[in-house]
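Read top to bottom, the protein sequences are chains A and B.
Using my numbering, the first residue of the first sequence is number 23, and each one after it goes up by one.
Using my numbering, the first residue of the second sequence is number 57, and each one after it goes up by one.
Keep in mind the hints are simulated off the structure, nothing from the lab.
Don't take every hint at face value.
[Claimed, not checked] Under the rule of at most 27 Å between Cα atoms (straight-line distance), these lysine-lysine pairs were calculated in the BS3-like manner:
1. A/111 / B/385
2. B/382 / A/46
3. A/40 / B/436
4. B/394 / A/111
5. A/27 / B/461
6. B/461 / A/46
7. B/64 / A/46
8. B/436 / B/144
9. B/394 / A/51
10. B/78 / B/144
11. A/80 / B/436
12. A/65 / B/382
13. B/461 / A/40
14. B/190 / A/46
15. B/138 / A/92
16. A/46 / A/65
17. A/46 / B/394
18. B/78 / A/92
19. B/492 / A/55
20. B/144 / B/110
21. B/461 / A/55
22. B/436 / A/70
23. A/51 / B/144
[What the hints assert, rightly or not] Covered stretches of chain A, as calculated for chain B (at least 3 residues, CB under 8 Å):
24. 31-37
25. 41-54
26. 57-63
27. 97-111
Don't be surprised by glycine CBs; every beta carbon is placed ideally from N, CA and C.
The lines below spell out each chain.
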Amino acid sequence: MSVAKFNIDHLLELCRIKISAQEKESLEKDLLKILEYVEMLDKVDTSKVSQQDLKSHKNVLRSDSAEIFKTAPLSLIDQFLESENNYLKIPPIFDHD
Amino acid sequence: MIKELQDKIRNGETTAVALTQKYLTEIKKRNESVGAYLTVLEEEALAQAEQIDKQFQTKGQLATLAGIPCAIKDNILVFGSKTTAGSKILENYFATFDATVIKKLKSAGAIILGKTNLDEFAMGSSTENSAFLKTKNPYDLERVPGGSSGGSAAAVAADLAVFALGSDTGGSIRQPAAFCGLVGFKPSYGAVSRFGLIALASSLDQIGPLTKTVEDAKIVFETISGQDEFDSTTEKLEGASMPEIKKMRIGVPREYFVSGIDEEIELGVRALLEKLQKAGADIREISLPHTSYALACYYIIMPAEASANLARYDSLRYAPLGLSAKGFKEIYFEARGKGFGPEPRRRIVLGTFVLSAGYYEAYYLKAQKVRQLIADDFSKAFDSVDFIITPTTPTPAFKLGDKLKDPVSMYLSDIFTVSANLAGLPAINLPIGFNKKGLPLGAQIIGPRFHDFTLLNFAQLVEKINNDLA
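With the hints as extra help, turn the sequences into a complete structure.
In structure tokens form, the structure reads like this:
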């Protein structure tokens, strides 16, 4: 994994986070330090671990049933920024420009 | 403590209401200096207590936690109460249902006094990352209580609750328990339902109790554990008999006694091992060869899962922040920039990076493989020993502000606790005494997966031996 190259602006875009230039600078420094620390994993021989070992899980299913949540004192819908007929109302997702 | 208090209710020395009132009064007096609670549910607690007293009068019986006042970490949903996870992005969120553990506590009669402070989204080891306030260590108000369940630990240590629930992703119950002189139990992964716990890292998170005694931890664990159809990873555990100390083989991994560990902690753990040996236990040095990689492995897997879990917070559906942005994308970016503090941001960005195309194999997949090797180390060790004893933390409680500027130094406070999460094992902090400054010290006992009840029984035995031979 040695010396990770990352583009902080691209990562922040992927993460949907807007921060100031100053905050960005300190975040970048912290990330470098953490990535430097985790680089030690390079030294571990993992050649004998198979993909199969990582997939020992089983599916657990249950039947779906609708439950009416209690609404007092506040329902989830009351907490929406904006709602219409119990639907969440948000600004348009697609821009027209 | 729980049994003694219930006896007092039974023989009329006190009532659930009187007991609740007593704790609420203490909270009013001292919460400001300790900073354990974010929200106090006075009305609700008193109403709950009244109901318990009424039921006791008519039925003459108390459920297992009836009338016992407790505190809940603020990342666990309690219906109708503000649940912030210590984050601005959830500042105005009111829980719309009870977490499974809360349902179980309520039906066992526990009284919920309030919601306790934590590092934002349980990310931290000092509770200094809370967006709202800094919790102090009741043993020394200039020091941290540990974290992320620092508010829960401080509440119990300062007698502002009989017991508390915390959550532990990499040590967040055991480390604050060690810093505050408490028993703190992280159950096996799958022993306690996570339904209604605000997720940090879903393959590592577990809810567990912080208490004054192992017996109390056992009572709370018995109440909250068990299979839940809303958490498909849960399993039903069997009870266990009381182990005999003379038959116990205890492993002491040499990798946990390395340079850098506080001398008084090492001496304390060694002294405990000597007492156990005197009592007849077979103490063996063992090796867990991948120990030194556990924290690095954790700091890839945990942020990866956190980045996915925290993707849902957009400030559109609940807990709207006062934002100036108007467009969809702008709201999203502004809310997450303003709503998340520095530590969640670090982990979201780091997690996004290790999962991104081109880096996934080198980081995330590599870490998953190392995780398997760490789990294998423990499986091999448990072929020859029944339990493993280690220090819980490398140092006792540190001063507020000491590690806040350097994330990696903060992460290192979890170096002895993360392995149990990576391997899904039950692990408990047991207070073993104090250092010269009067700060609590702790030892960690780790057991095989799903042997939680046996581990608790064994811990009770160790607690007794440690006290008797003091």
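Evaluated hints:
no., hint, verdict
1, A/111 / B/385, "holds (14 Å)"
2, B/382 / A/46, "holds (23 Å)"
3, A/40 / B/436, "violated (47 Å)"
4, B/394 / A/111, "holds (22 Å)"
5, A/27 / B/461, "holds (23 Å)"
6, B/461 / A/46, "holds (15 Å)"
7, B/64 / A/46, "violated (57 Å)"
8, B/436 / B/144, "violated (44 Å)"
9, B/394 / A/51, "holds (20 Å)"
10, B/78 / B/144, "violated (31 Å)"
11, A/80 / B/436, "holds (23 Å)"
12, A/65 / B/382, "violated (49 Å)"
13, B/461 / A/40, "holds (21 Å)"
14, B/190 / A/46, "holds (25 Å)"
15, B/138 / A/92, "holds (15 Å)"
16, A/46 / A/65, "violated (31 Å)"
17, A/46 / B/394, "holds (13 Å)"
18, B/78 / A/92, "violated (31 Å)"
19, B/492 / A/55, "violated (34 Å)"
20, B/144 / B/110, "violated (39 Å)"
21, B/461 / A/55, "holds (12 Å)"
22, B/436 / A/70, "holds (16 Å)"
23, A/51 / B/144, "holds (24 Å)"
24, 31-37, "holds (count 4)"
25, 41-54, "holds (count 6)"
26, 57-63, "holds (count 6)"
27, 97-111, "holds (count 6)"
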